[in-house]
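Student: Taken in order, these protein sequences are the chains called A and B. Sequence positions in the first sequence follow our numbering and run 38 to 564. Sequence positions in the second sequence follow our numbering and run 897 to 1121.
Simulated from the structure, these hints should not be mistaken for laboratory data. Glycine included, C-beta positions come from ideal geometry on N, C-alpha and C. Watch out, some of these pointers could steer you wrong.
Some residues of chain B that are not near chain A, with every Cβ distance over 10 Å (derived) [to be verified]:
id	residue
1	902
2	924
3	927
4	963
5	977
6	1007
7	1033
8	1050
9	1052
10	1053
11	1073
12	1074
13	1078
14	1079
15	1082
16	1083
Chain A regions said to be covered by chain B (calculated; three or more residues, Cβ under 8 Å) [as the list claims (entries may be wrong)]:
id	segment
17	427-438
18	500-512
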Amino acid sequence: MSATASQAKLRRRIERFFFAEEVPFGPALVRIALPLVLLGAMLPRALHVRELYSTDGASTPLWILYGYARLLPVPPAWLAVPLSGLLIFCLIASSLGWCTRFSLAAATALYTWFNLVDAISTMTKYSVIASHVLLLLTLSRCGDVWSLDAWLSRRRSQSPRAATRGLHVRSPVWPRRLLQLLIGCVYFGAAVTKMHTPSYFTGDQLRFWMISDINFGHPVGEYLSAHSALIVAGAYITIVWELLFLFLAWRGIGRFVMLGLGVAFHVMTNLLLGLYIFPLVSLSIYFAFLNEADVRALRIRWRKFQKRYVRRSQRPADVAGSLGDPSLPVAERPAYSQAAPPKALVPAWLTMSSSATFAVAATFVACGFTLFEHRLDPYGLRRAEGAHRLRELDPPLVQAMLAPAKPVRLEDKVFSFDVGTLTVGGSLATRRRQFRAGEEFIAQVMMNPPFEDMWLECNLHDAEDRVLNRIGQPVTRDMMRATFIYTLPHSLEPGEYSLVVATRGREITRRTITVRPSPASRAPLAN
Amino acid sequence: MKRRLAVLTIVSYLTALSWGVVGHALSVGTASHPAMYFVVWDMFCGWAAWSQRMHIVGEGESGRYYELAPGPWGPFRPFGKLDRRNYDPNGIYAGRLALNCLRHTRHEPIVRIFVVEESWPKKFNLPEHLWAMRYEEPKDVQTYYRVRHVLTGEGALVETYSPWLEYQAGLALADNPRLRADARRSTPFYAISVARPVDPNSAGRRYSPGSVDLLGSPAARISGN
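Could you build all of it, start to finish, from the sequences and the hints given here?
Tutor: The following block contains the structure:
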């Protein structure tokens, strides 16, 4: 094949990838789901709009972190409050698909602006992803299906319902492709971040995140933080999945595996790290991986399910006939006409009416929210007793806060001390407290950086706390763990012993182990 | 025309995404502009073995001390049980939070504002039953405080210090007599000023919030207090 022919083929493939036409079911589902998730994040913030986003509060613009004094204006309270109400309204309208493009455009602008104005309690990477998605949805025709706009359009056409049901206009697929590429790039970038973090592969980074308390509660994460083998295995699976997602998530078994792993990953971020909005934002974008054929297949299955289990007495009209033959290529199916919707039948005044109603409703919500916020009196300035007084702090507490920094205790330089028999990725994976005489085991001290270079001892003490064995090793400040391999002598009497971690002659921590008789010593003696 | 616009959009968007990924991978220009925050995907990029809290304390004329964040009207907890101020780990916006509180409350004249960092090992975050499973010793939490910034009552920055973790890392590094002696022998020295002050009120122009620091010796920043 000549170079020109192959170039032409590649060009055709790229063109088909971005400009094939389909009914935008996937983007429509993203449009329905994402604004609802964002409402969950923005409604609690709306009650603090004056404090978070206005000049009458403590806005924390992102651009200051980047060294810019004034990049965008911070709105005054009289503007921020109604705009916050408008944002809530636009998110709801976007989800409903009412004046979809305008709602999405307004939601994109307002959501991004509010995020930029509050870097510490609104702006996160999930809100950045959401801004991207709102922008791409604005550019798409996601309002053409499953929306109030489409429903109103059908009503205005005054056509019989059966004739217009399922009659959707097709549009180029590129906005959906950009949504897919976005999430693929996000995962790829996240994998690059992990490559930059060597402690990710030993599980240390994840372990410390799992016991962080800056997100919502995550008891599963706290429990699993002690299970190194699971953490290391999860870390490798995650990075392989993140790297491959962009390349395999497009069709066939690859799509099934990548999306399945993605769902599992995001559920685990909830269980292990206490994240809620981030996984919901990410999962709502997964609807972009649904194409027209998927939705048609799902509809057929649903109708068959209804026919079999739900409406035995009410057989629907010819299911296959109304939905088209799924074995045919999408473009050849007759049920979804490529013809434009019956716009000629829509009276202009009705379109005006919908937009006008939208404008009135938006104004009403913005004004109503302003009144509500005024009555809320967030700073308590209009209380009968007047403005709040400052809360006085206990002098001893303040004295402790302002005193020179205390030296760090030795026990605070050690994270954990465990005894076991197997390491995975350098971390102790199995924990045991009972051993037989003659058995080999591993004692591992995990450090709590930062700490200075230390000489760490791991000594074996008997029940009377006499030192039986002393071994030590240097632990430099770049090390996360010190591992001691012990072999219990056969001659050791069964009983309780202690492994004591010490430095500079001071005990830091200890673990009790039980030594049982070795099989050899239990064997019956010959006469 | 519509098709050309679509192609332009696709190319621009994919270029922006690629720029973010490549810049992040090669660590080039990731902090050059706030727009980079929208294309660099560095979620959970760091970690620490220590938990941290921020306290903003106002000192009144009478010598009494007051809590300036959260305001007395109540906290805002954006991502869990912690108040908003705790998601500003360097206290960069602490002055804004403090001044907002002072603007909307009754109080005696405030002469100084302290931004204090509190730290403790994350292992103490484990609930009691998990602690009992992993540790033989009782849970004995000790927290460490460090003043990060001192501001006037009007919010002007007077003193600023390194984060507690950075300070401890510096102490760990300095726990080496040879290194300390070498450092003493080569005290930094500038015959000329290398920082150029820029009007912070000029929109769109860059300025360094730490430009005062740059005029001094870098050793001052490394050694912390």
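Student: Hint by hint, note whether the structure agrees.
Tutor: Here is how each hint holds up against the structure:
The claim that residue 902 of chain B is not at the interface with chain A is violated, since a C-beta of that chain comes within 10 Å of its own (minimum 6 Å). The beta carbon of residue 924 of chain B is kept farther than 10 Å from every beta carbon of chain A, the shortest such distance being approximately 12 Å. For residue 927 of chain B, the condition that its CB be more than 10 Å from all CB atoms of chain A is violated, with the nearest at approximately 6 Å. Chain A draws residue 963 of chain B into its interface by the beta-carbon criterion, the shortest separation being 5 Å against a cut-off of 10 Å.
Non-interface status of residue 977 of chain B relative to chain A is broken: a Cβ of that chain comes within 10 Å, the nearest being about 8 Å off. The beta carbon of residue 1007 of chain B is kept farther than 10 Å from every beta carbon of chain A, the shortest such distance being approximately 14 Å. At roughly 6 Å from the closest C-beta of chain A, the C-beta of residue 1033 of chain B falls inside 10 Å, breaking its exclusion from the interface. Its beta-carbon lying about 15 Å from the closest one in chain A, residue 1050 of chain B satisfies the requirement of being farther than 10 Å from that chain.
Distance check for residue 1052 of chain B against chain A: the nearest CB is about 16 Å away, which clears 10 Å, and the non-interface claim stands. Its beta-carbon lying about 13 Å from the closest one in chain A, residue 1053 of chain B satisfies the requirement of being farther than 10 Å from that chain. Every CB of chain A is more than 10 Å from the CB of residue 1073 of chain B (nearest about 12 Å), matching its label as outside the interface. The claim that residue 1074 of chain B lies off the interface holds: its Cβ sits roughly 12 Å from the closest Cβ of chain A, which is beyond the 10 Å cut-off.
Every Cβ of chain A is farther than 10 Å from the Cβ of residue 1078 of chain B; the closest lies at roughly 16 Å, confirming the non-interface assignment. Interface exclusion of residue 1079 of chain B from chain A stands, the closest Cβ pair being 16 Å apart, more than 10 Å. At the 10 Å boundary, the C-beta of residue 1082 of chain B stays outside the reach of chain A, the nearest C-beta of that chain being 22 Å off. Chain A leaves residue 1083 of chain B outside its interface by the beta-carbon criterion, the shortest separation being 23 Å against a cut-off of 10 Å.
Here the segment 427-438 of chain A counts 8 residues with a CB under 8 Å from a CB of chain B, which clears the bar of 3, and the coverage holds. Judged by the Cβ-Cβ criterion of 8 Å, the segment 500-512 of chain A is not covered by chain B as claimed, because only 0 of its residues qualify and three are needed.
Going down the numbered hints, you'll see the structure goes against 1, 3, 4, 5, 7 and 18, while the others check out.
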